[in-house]
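Student: What follows is the residue order along each chain.
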Amino acid sequence: MDGDSTTDTTQLGITGEYMTGGTYVLQTQDDDGDESFNDHEDGNGSKDHFREQDIYLPIANVARIMKNAIPQTGKIAKDAKECVQECVSEFISFITSEASERCHQEKPGQLPAGLITADGQQQNVMVYTTSYQQIPGIQQIQFS
Amino acid sequence: MSGKNMEEKVEQATDRKNISLPMSRVRLIMKSSPDVSCINQDALFLTTKATELFVQHLALSSYKNGSGKETNTLSYSDLANAAEESETFQFLTDILPKKILAREYLKSLEEMEKVDDNL
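Chains as they are written, first to last, in full-length UniProt numbering: chain U, 1 to 144; chain S, 1 to 119.
Please note that a few of the clues may not be correct.
[To be verified] Distance condition first, Cα-Cα at most 27 Å in a straight line; then the derived DSSO-like pairs of lysine-lysine: (1) K78/U - K64/S; (2) K98/S - K64/S; (3) K75/U - K64/S; (4) K75/U - K98/S; (5) K98/S - K67/U; (6) K78/U - K99/S; (7) K67/U - K64/S; (8) K114/S - K99/S; (9) K114/S - K98/S; (10) K98/S - K78/U; (11) K64/S - K99/S; (12) K78/U - K67/U; (13) K67/U - K99/S; (14) K99/S - K75/U.
Don't read these hints as lab results, they were simulated from the structure.
The structure presented is a predicted model; accordingly, all values stated were derived computationally and were not measured.
So that you can see chain U by itself, here it is in the shape it has in the complex (with noise of 0.2 Å):
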């Protein structure tokens, strides 16, 4: 496409008229995707073979959790498929570090490593409803 720009969008899926306002979009993914992801872990399975944002879940996983959400003659972007697999990790991440947070303060000393243990997963559950309250599936979680 544009071979010349410093931003390299051809991975990214859109073309190269696109970028952030403020910011630019810039990514250079080691892989197309995430289908090489797991080929690459060998027997130390190392961290140092990738890097911390690259961690996504398939794409085609994702895709199709969306395909099924939406009404059935909806059609759904490229980008916008590689888009909700960035959020889902931030997401992720995000219940996992607030739950952290409140496995800390409630046994301050006892979990000194972030265990999350059967009482962490309560905090958690509680993360999920204080956040998602609009999602009645988690509600339903919370309570079983």
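Following the hints, position chain S against chain U.
Tutor: Here is chain S on its own, set in the frame of chain U:
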């Protein structure tokens, strides 16, 4: 909604076979958070399930918000709008910036420079 219906929904929601996201990958993302070492198996399942519901909620909300224009397609801007307008999705505003055309951005850059020159 009858009590029994709710029961069925809860059962369906907590049925371990009823998830379509890889828990191992979810676990990896969770472990990338600082101060997290071990993750209880139930907490992992809960997170995975909640993530699924999150995707559904985000997709449907964004789609509903945008489909008034009869595009019938869920686009990036629908998601960016949802992040901005809904309190639930506020935490996504940093990773869902609204996009503008490059030439508009360059134009506004030029205008900012002009303002600086005039000062």
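Student: When the structure is checked against the list of hints, which entries are broken? Sort them ascending.
Tutor: Hints that this structure does not satisfy do not exist here, as all of them hold.
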